[in-house]
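Line by line, the protein sequences are chains A and B.
FYI, this note's numbering numbers position 186 of the first sequence as 186, with every residue one higher than the one before it.
FYI, this note's numbering numbers position 253 of the second sequence as 253, with every residue one higher than the one before it.
Heads up, a few of these hints could be off.
[Unchecked claim] Stretch by stretch, here's where chain B covers chain A in the computed footprint (C-beta under 8 Å, at least three residues): (1) 91-97; (2) 103-109; (3) 138-145; (4) 163-170; (5) 223-237.
[As the list claims (entries may be wrong)] Quick list of the computed label-pair ranges, beta carbon to beta carbon: (6) A:Ala204 x B:Thr125: 18 to 28 Å; (7) A:Phe15 x B:Arg28: 20 to 30 Å; (8) B:Asp178 x A:Gly141: 46 to 56 Å; (9) B:Arg388 x A:Arg213: 48 to 58 Å; (10) A:Thr148 x B:Asp178: 22 to 32 Å; (11) A:Ser2 x B:Ile342: 52 to 62 Å.
These are calculated hints, taken from the structure and not from any lab test.
In this text, a Cβ means the ideal position worked out from N, Cα and C, and glycines have one as well.
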Amino acid sequence: MSTWPQCTLAYDGTFTGFLTCVGDSFRRKEYPFYFLTPGNRQFSLYPLREIVTDPNLARQVYQDLEKEVSESFRRMMTYAFLTDLPQKERHMFDLIYLAFSRALPQDVTDQRILILDRAIHHLTHEAHQYKGFVRFADYHGVLVGQITPKNRVLPLLRPHFCQRFPNEAFLLHDKTHKEALFYAGGKWKIRPVDHLDLDKPDQAELECQALWRKFYNTIAIPSRYNPKCRQTHMPKRFWGDLTEFQSPEPA
Amino acid sequence: MTIAEKLQILTDAAKYDVACTSSGGDRRGGNLGKTIAGGCCHSFSADGRCITLLKVLLTNVCCYDCRYCVNRTSNDLPRAMFTPRELADLTIDFYRRNYIEGLFLSSAVVRSPDYTTELMIKALTILREEYGFSGYIHAKAIPGADPLLTHRLGLLADRLSVNIELPSSQSLALLAPDKKKENIFQPMAQIREEILQSKADKRKFRHTPDFAPAGQSTQMIVGASDETDYHILKLSEGMYQKYALKRVFFSAYIPVADSPLLPSPVDFQPPLLREHRLYQSDWLLRFYHFKADEILSPDQPTLNPLLDPKCNWAMNHLDQFPVEVNTADYRTLLRVPGIGVIGARKILSARRWRSLDEDSLKKLGIVMKRAQYFLTCSGHMTPALRARPENVLRALTALEAPAIQPQYEQLSLFT
């Protein structure tokens, strides 16, 4: 553990903001013990400092993560930031501190590495599940899908769906983290979107959804009925966004 | 007939096909779609099977009369047929909405194998050439079709498969009188040759078209005829070696036909546990460097329902255990129950930095409730190693309880 005085940092919740926190802490030689984000302000006994996001400092730290440590370590940090691990910033800072002091444990069974490894596994696994479980609906040529993931999977889903639908225009809304991936004509953006108000889809779309439900209900073999197995592979938290479990809207 | 009615009939007819994987391909470019090397499940049906492809028949109008098959001529059921255009449009509609990973196209034999294959080629050509579709396509080669047609099918599909249906030519003669063993193995051999040829040509000419780049697979029905597990495993092993198959699928027999030659449909339970054990053995063959003769033998031709095949092998070869985690090589580690391919690799990389103890094995995700009976850590015996073999057996069997159908029921005290 470091001898630096401990403090609490409040930042804007972005990755750039977090990298600024890291750079700032190393400049002041203070060890952030607790991180506060706009959605999570609570009282702390450690001295509180507000961090103003500084893109230049953040870029410097981002480059150092690769230059001073390694490319895979930087990717690990980038992924870790997308996980839903409580106080992930704290765990990430612990590792960055060790890495910059040339003391990064190599042993994968080390608790400090393990906790992030597990969180990242949860993230990548969830992203993989969503590659299958995303359902789009056609709104006059634009595909719209909504998901409720635990981790922030949009950046991981982005290359997959952009390569898969190169000539489509689509929008994928993450209801948990209130952000959305927009794609059209070879360009993409991820932007905060609080809420999506959708009209009723047109007749052709409703028919296609009905066809899919018909297929879904027919493909199961009754004498092999095994709801437990289905739920293991596709937990119920996904069902809300899946077309096959939605009842047809009244005409 | 509407599309919805056709979809219902032709899905109903295709649902007994087991293969529903979308792995092994690396197709990209085109206007729509790409494949993922590891495959991708899009949903799971109420029977717990994964839905990755739109699995339909082109038609269920069939000129054959196989006794076990739901589509046999003599069966009185509604018949339907997609036009190639309808099928292609439906696939694109589903694919754009991310319902599916691609198309699994099979068909009953309408008029002749050649005619059927031509229709399938027409549907796939619309998909690949008109829509520029690069999603996954799994097509069934129809036994008896002209080799040139099978060749064209393979250029359009990612994976081809030929079902051998029944595990021996006697059962085939008995239950599928119109199908011959030779007719099934002939396209299989052709596909193997063409895959090899296309790969070899690719080294010389970059633009050689891919022939079934995701390989070929097959499936057989288990429990309709009386072949032993040993026979089935030997057959699978032989086909993996001889025809370089990617997968052999097993399908527990489900009575869809009322024939005096088949198990009675009344009270018949599909042999799901047997199918499960066969799949476990299949994994041992493909990823764990086991041989069929190690798992079973002519004297012991049936898989133990109470234990998974790997535990069963370990219990019969206790002289090869315990294994020392910190020194054993990869293949030895793979043979320890509770250590899988990922676990074994993690052990190899973790022990470069420290010697492993029980606690760190748990952290690596090794299933200690199985592995504890077969391991030492730096010479230190796990407490479980002191257990007597019969107690180990009892403990391992108890772990299998969820897989085994409950045979006893808790009686209520208040009835």
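Handout entry: Numbered hints the structure breaks, given as an ascending list
Key = Hints 1, 10 and 11 contradicted; others consistent.
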